[in-house]
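Novice: Sequence:
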Amino acid sequence: LKVAEVKLLDHAKKYVAAGVSLDSLKITSYDTPILRSVIGWKQRDRLPLMVDLNEKDDELLVHAVHVESTATANNASTTSNTSNNKIAQTPLVLLHGYMNASAYFYRNLLGLTRFYRSIYSLDLLGWGLSSRPDFNQLKDTSVESSEEFFVESLEAWRIQNKIDKMILAGHSMGGYLSVAYCEKYPQNVERLILLSPVGVNDKNSQNFKDREARINSSYRSWAMFGIFRAAFVSTTPAAVLRAMPESRAYNLALGYVQRRLPEIEGVDEQTAVSNYLFQSNTLPGSGEYALSRILESTVTARRPLQFRIPKLEVPNVSFLYGSHDWMDISGGTTTQALCRTAGDAAPKIQVHVVNEAGHLLMLQNWRAVNAGLILCGGGEISDEERKELTTLDATAGNDADDDDGVATPEGGTAA
1 LKVAEVKLLD HAKKYVAAGV SLDSLKITSY DTPILRSVIG WKQRDRLPLM VDLNEKDDEL
61 LVHAVHVEST ATANNASTTS NTSNNKIAQT PLVLLHGYMN ASAYFYRNLL GLTRFYRSIY
121 SLDLLGWGLS SRPDFNQLKD TSVESSEEFF VESLEAWRIQ NKIDKMILAG HSMGGYLSVA
181 YCEKYPQNVE RLILLSPVGV NDKNSQNFKD REARINSSYR SWAMFGIFRA AFVSTTPAAV
241 LRAMPESRAY NLALGYVQRR LPEIEGVDEQ TAVSNYLFQS NTLPGSGEYA LSRILESTVT
301 ARRPLQFRIP KLEVPNVSFL YGSHDWMDIS GGTTTQALCR TAGDAAPKIQ VHVVNEAGHL
361 LMLQNWRAVN AGLILCGGGE ISDEERKELT TLDATAGNDA DDDDGVATPE GGTAA
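Residue numbering for the sequence shown is 1 to 415, as defined by my numbering.
The set of hints was computed from the structure by calculation and includes no laboratory data. Yeah, the Cβ is synthetic: ideal placement off N, Cα and C, and Gly gets one too. Do not rely on the hints blindly, as some may be mistaken.
Here are the simulated DMTMM-like cross-link-like pairs (lysine to aspartate or glutamate), alpha carbons at most 20 Å apart as the crow flies [unchecked claim]: (1) K2 x E246; (2) K42 x E59; (3) K311 x E59.
Here are the simulated distance ranges between beta carbons [claimed, not checked]: (4) A345 x D23: 42 to 52 Å; (5) E296 x D383: 37 to 47 Å; (6) E380 x Q137: 39 to 49 Å; (7) D57 x N204: 43 to 53 Å.
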């Protein structure tokens, strides 16, 4: 997996922003030790699974990729209301989604340095090159304990890295966990950016009702979804992958990348992404087992974010979705409406749709996602970049392109 990460980070060098020199960028891959005791466990006599033989019994490791622009560090002024010639001094911290890891942002890391002086992309505890402790040894199986596993390890990492405040951005499950972190530690987050987050809507959304109606419309779809629900609570996708012969598992990962990410055209880059996906999901399972504790088999959250975000003490929260995202875009606009109803104490919500992208938007349209991350982080982008983003508003009634197979605020579903 370490070799696979190095290869992806080598590909990252192709995605530097115009006018930024590679010589001005410092890329570091490193591990931060945190105390195992920051998380509530059943007992102390069962040691965590290790990915690093140097890991101590009372410690866990959180892996990260850090990109720092030495040019902007020396020359930029500090500001929150950033204009074209200003650079954000607050670091950007990126959290990956389910079955992903830090280098999944390889197309974004270097390009974002035109605005962000310092960018961290983490392997969440239990994933990637971070430690993989036995998830079944948590003190209980509650949603709260599962969230605590990630929230407290992120907080311990922040303290160890002496980061006072951060702009926190999470993709999919990483977005969900970012909200959980902000609930407990809002003072550490300047802005929150959610990239196609899972778990926003409750079961009253029109999207959910339409999906349930389609499932129940035929015996075949009802039976297939019944099998999925049974598997959801008893195993994980990565566990299925690990049970396969190695060659078959790798070919499955390669086929997934070829089908889902045609935007990755080069064979070398496609192979690097496939190998990274394969390697990171065939190591012993850990964080992946949070899935059925946080989400129901309907892929709705047990504690939906639309009711939690309005209570956050973070002033600015932004959503970025893909134009053909399988996540329900109405989650963003519904949350926006709930925040407005809650009054001035609730966060200010922005919702943007990235053109020509789906759920893996940071890989599918990296330029537009970078522009969105800069805009939502308080920076300015060009008029051309703004054309790649569609801004939604819960009260204005404007929406994403409403073509067949495209997710819309009204609850349409991705093809």
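Novice: Hints first: check each against the structure and report whether it holds.
Specialist: Against the structure, the hints:
1. Distance hint between K2 and E246 is fulfilled; the C-alpha atoms sit about 18 Å from each other, no more than 20 Å.
2. For the proposed pair K42 and E59, the alpha carbon gap of about 16 Å is at most 20 Å, so the pair holds.
3. Taken as a hint, the K311 and E59 pair is broken in the structure, with Cα atoms around 33 Å apart against an allowance of 20 Å.
4. A hinted range of 42 to 52 Å holds for the C-beta pair A345 and D23, which are about 46 Å apart.
5. A beta carbon spacing of about 43 Å between E296 and D383 agrees with the range 37 to 47 Å that was offered as a hint.
6. Separation of E380 from Q137 is about 47 Å and conforms to the stated range, judged on CB atoms against 39 to 49 Å.
7. Hint check: D57 to N204, Cβ distance near 47 Å, so the stated range 43 to 53 Å holds.
Hint compliance for this structure: hint 3 is the single one not met.
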